[in-house]
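S.K.: Spelled out from the first residue to the last, the chains are:
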Amino acid sequence: MKIQHDAIVCRNGEVIFAALGDEGVTLNVDTGKYHYFSDVGTRIWELLETPASAATLSAVLVEEFEVDADTCRAAVIAFVGKLADRGLVHVTP
Amino acid sequence: MADGKGLVWLASYPKSGNTWFRMILANLAAGPDRAVTINEAATHSEFAASRGIFEAATLLESTLLFDDDIDALRPSIFQDMARDAARPVWVKVHDAFTHLPDGRPMLGTSARAAIYLIRDPRDVAVSLAHFNGSSIDQAITRLNATGSSLSVDRFGAPSQLRQRLLDWSGHANSWLDQTLVPVLTIRYEDLKTEAVAGIARALAFVGQDAALANVERAVTNAAFERLQHQEAEAGFVERGLGVAPFFRAGRAGAWREILSAEQRARIESAHAPMMDRLGYARG
Amino acid sequence: MSRHDGALGCAAPSASASQPDPRTYSYGISGLSVESEIELLGAIPTAPADAPDLIVRQGAVPDALPAPSASGPAWQRSGGDFLLRVPRVGRFMISDGRSITVDIEAPATTRDASAFVLGSSVGILLHQRGALALHGACVAKDGRAIVLCGASGRGKSTTAAALCKRGYALVADDISVIGSNENDLPIVRPDGRQLKLWRRSLDGLALGDEAGDVVRPGFEKYFVSPPGAAIEPPLLSAIYVLDSHPAVSRVSIEHVGPADAMRVLEVQSYRPRLRRELNAPQTIVAQSAAVLRHAKVFTFERPLGFDRLDESLDALELHWRTL
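Residue numbers (our numbering), protein chains in the order written: chain A, 1 to 93; chain B, 1001 to 1283; chain C, 2001 to 2323.
Hint data in this document are derived by calculation from the structure and do not stem from the laboratory.
One or more hints might be untrue.
[To be verified] Straight-line distance between alpha carbons at most 27 Å, and here's what the computed DSSO-like set of lysine-lysine pairs gives:
(1) C:Lys2141 to C:Lys2165
(2) B:Lys1192 to A:Lys33
(3) C:Lys2296 to C:Lys2165
(4) A:Lys82 to A:Lys2
(5) A:Lys33 to A:Lys2
(6) A:Lys33 to C:Lys2165
[Unchecked claim] Here are the simulated distance ranges between beta carbons:
(7) B:Ala1086 to C:Asp2260: 23 to 31 Å
(8) C:Phe2306 to B:Ala1086: 39 to 47 Å
(9) C:Pro2062 to B:Asp1276: 28 to 36 Å
(10) C:Ile2231 to A:Leu47: 41 to 49 Å
(11) A:Val60 to C:Leu2304: 50 to 58 Å
(12) B:Gly1242 to A:Asp39: 23 to 31 Å
(13) C:Asp2260 to A:Asn12: 58 to 66 Å
(14) B:Ala1234 to C:Ile2231: 26 to 34 Å
(15) B:Pro1273 to C:Arg2166: 53 to 61 Å
(16) A:Asp39 to C:Ile2231: 49 to 57 Å
(17) C:Asp2260 to A:Val67: 22 to 30 Å
(18) C:Ile2253 to B:Ala1265: 30 to 38 Å
(19) C:Arg2293 to A:Asn28: 51 to 59 Å
(20) B:Ala1086 to A:Ala7: 30 to 38 Å
C-beta: ideal position from N, C-alpha, C; glycine also.
Start from the sequences, fold in the hints, and give me the full structure.
M.R.: Below is the structure:
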């Protein structure tokens, strides 16, 4: 799914997250599927404890990881799109 | 009805085209964008004699139960599978359609339909010999013995549950003459000459919609040469213990070049009525 | 043998530790102290505990539960009660993670029932107690263990037996419970039982002389006493998922990534559906993640045949040593 940078992203409540060091895994209870999250993905998941837009997420990540703003935003949009495809987050609109 | 929900038996005596049929079904289910490998396809459909299915459903260790006690529990397993099927669930089965001592059919009564695949017993004998790594005479003995079963190994842990086969004719009779599950018979030889038509007829019979173009593509992706090639590259999980590959020859009528006159006579004299019924000319 | 001579009395366990009932047997199984009215074949007798975690008794078990919340072909569940019906053996009631009641159907005997107490019933009980119980054998050396999982008949016990011949200690034959120690590191709890091997494996491993009693009358599966069974729960270093079929020509060991490893731990549990029935998804995920923080998961594919076993085990040992 291609999402807009200002769309609001929130976690699907039926997803369980577990940390494995800096990385993590999620279980989507509805589908029964597990997904691996890298350290960046895990940080994004943590930040999604409160619903946020891709723009907001990028802004935080740019500070924490050594990456330029445009690359970061594109990567976040792509990542959140994948999360949406897997049913791990809801995106509005 | 056209969504085909429910349990469908894909029944056959061993070495009669069951695996090839399932390869086609797996390719059909995968959709237009990909061809499925033989090892992926092997897991696409369920298997009636799977220990895993039995143990998951009953929570009991199947290797410490007597075969007859296992059989007594199998009808409930299949009833539950049929009830819970949210889509067409094809189940490969080599068991003959037998009844338990209390009269219940061992395979239950809840399947929506059965496709019975049958092949010339003379070709089956040749194929069996290669698969098991036995002589043709031994294979014919098994074909002719009413007490034949698959997977009976008391000294090891066979990977499948015991499957009662009866003899080749008895197996066919048990499926064709039962009236509990609607059954369509398809000859392996007819499938070889007109696979698309045969598969389409089977799908229509069990109430599963499929566009002809999709069936054509699935049949092409599961062409014998392709299956052979994949096995040569990566092996095939369903291979038997003989040295021959699983996808060995796949021809109809090869028995003429292989069986002696005596071997042919052993088969024909034991199975004349069923061979006549199905159009397998003798002599 | 844990029989105590001298005391007369009924079958109910005695409250006083100084007057033990003559007809109870004591064991330590997967971290639980067990007191049983019937002899559990293949379980290694221990000294009795003051307050056993699990009591196994003979008694009446109904044919059905009044209002089961879930059921299958041979079982029903209602709250903390779990009823198991084993054809021509008897009925088993597993309750609240604390007791197993066995109602034997003649002509079956306690020897038939024993196999289903130690297998299915204890497995169900462990799930009632929220344990992480894998369906696999476990061996250890120098306090570090590997668990060998895989489908029935894929060679878990045979591989474990062959490793024991090479000097590893047996920790578990069939059900490997993963707990954690005071440092939150995963450990494996010994199942307190002997190895079980089919006749073919006994012969293939030249262990025929070690064969003891049959696991169940009428079946060619035997208890085998392994040398040096582990007592202290060792640390879990890895889980190997065994697979083998006629088309495998050489050994191959592959690392399993985190998401797939979570799935492996689910699938390789003892009776996964039951674990899900009795435990919340949050618990299951948390338990599996706790294991994967410290232990790795691999697939271990090897060619069939006892003649190829040594080379497979050489590869496994080398792989484990270099973890």
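S.K.: Now tell me, hint by hint, if it's right for this structure.
M.R.: The hints, checked one at a time:
1. C:Lys2141 to C:Lys2165: Since the Cα atoms of Lys2141 (chain C) and Lys2165 (chain C) sit roughly 12 Å apart, the hinted pair holds (cutoff 27 Å).
2. B:Lys1192 to A:Lys33: Given pair Lys1192 (chain B), Lys33 (chain A) is violated - Cα atoms ~39 Å apart, limit 27 Å.
3. C:Lys2296 to C:Lys2165: Cα-Cα ~25 Å, so holds.
4. A:Lys82 to A:Lys2: Given that 27 Å is the threshold and the Cα spacing comes to 9 Å, the pair holds.
5. A:Lys33 to A:Lys2: Holds: Lys33 (chain A) and Lys2 (chain A) sit about 22 Å apart, inside 27 Å.
6. A:Lys33 to C:Lys2165: With a Cα-Cα distance of about 40 Å, the restraint between Lys33 (chain A) and Lys2165 (chain C) is violated, given a limit of 27 Å.
7. B:Ala1086 to C:Asp2260: 23 to 31 Å: Given range 23 to 31 Å: holds, Cβ gap about 25 Å.
8. C:Phe2306 to B:Ala1086: 39 to 47 Å: holds (44 Å)
9. C:Pro2062 to B:Asp1276: 28 to 36 Å: Taking Cβ atoms as reference, Pro2062 (chain C) and Asp1276 (chain B) lie about 55 Å apart, which means the hint is violated.
10. C:Ile2231 to A:Leu47: 41 to 49 Å: holds (47 Å)
11. A:Val60 to C:Leu2304: 50 to 58 Å: holds (54 Å)
12. B:Gly1242 to A:Asp39: 23 to 31 Å: Given a distance of about 51 Å, which is not inside 23 to 31 Å, the answer is violated.
13. C:Asp2260 to A:Asn12: 58 to 66 Å: violated (21 Å)
14. B:Ala1234 to C:Ile2231: 26 to 34 Å: violated (45 Å)
15. B:Pro1273 to C:Arg2166: 53 to 61 Å: Hint holds: Cβ distance 59 Å, inside 53 to 61 Å.
16. A:Asp39 to C:Ile2231: 49 to 57 Å: violated (40 Å)
17. C:Asp2260 to A:Val67: 22 to 30 Å: At 28 Å between Cβs, range holds.
18. C:Ile2253 to B:Ala1265: 30 to 38 Å: violated (52 Å)
19. C:Arg2293 to A:Asn28: 51 to 59 Å: violated (21 Å)
20. B:Ala1086 to A:Ala7: 30 to 38 Å: holds (32 Å)
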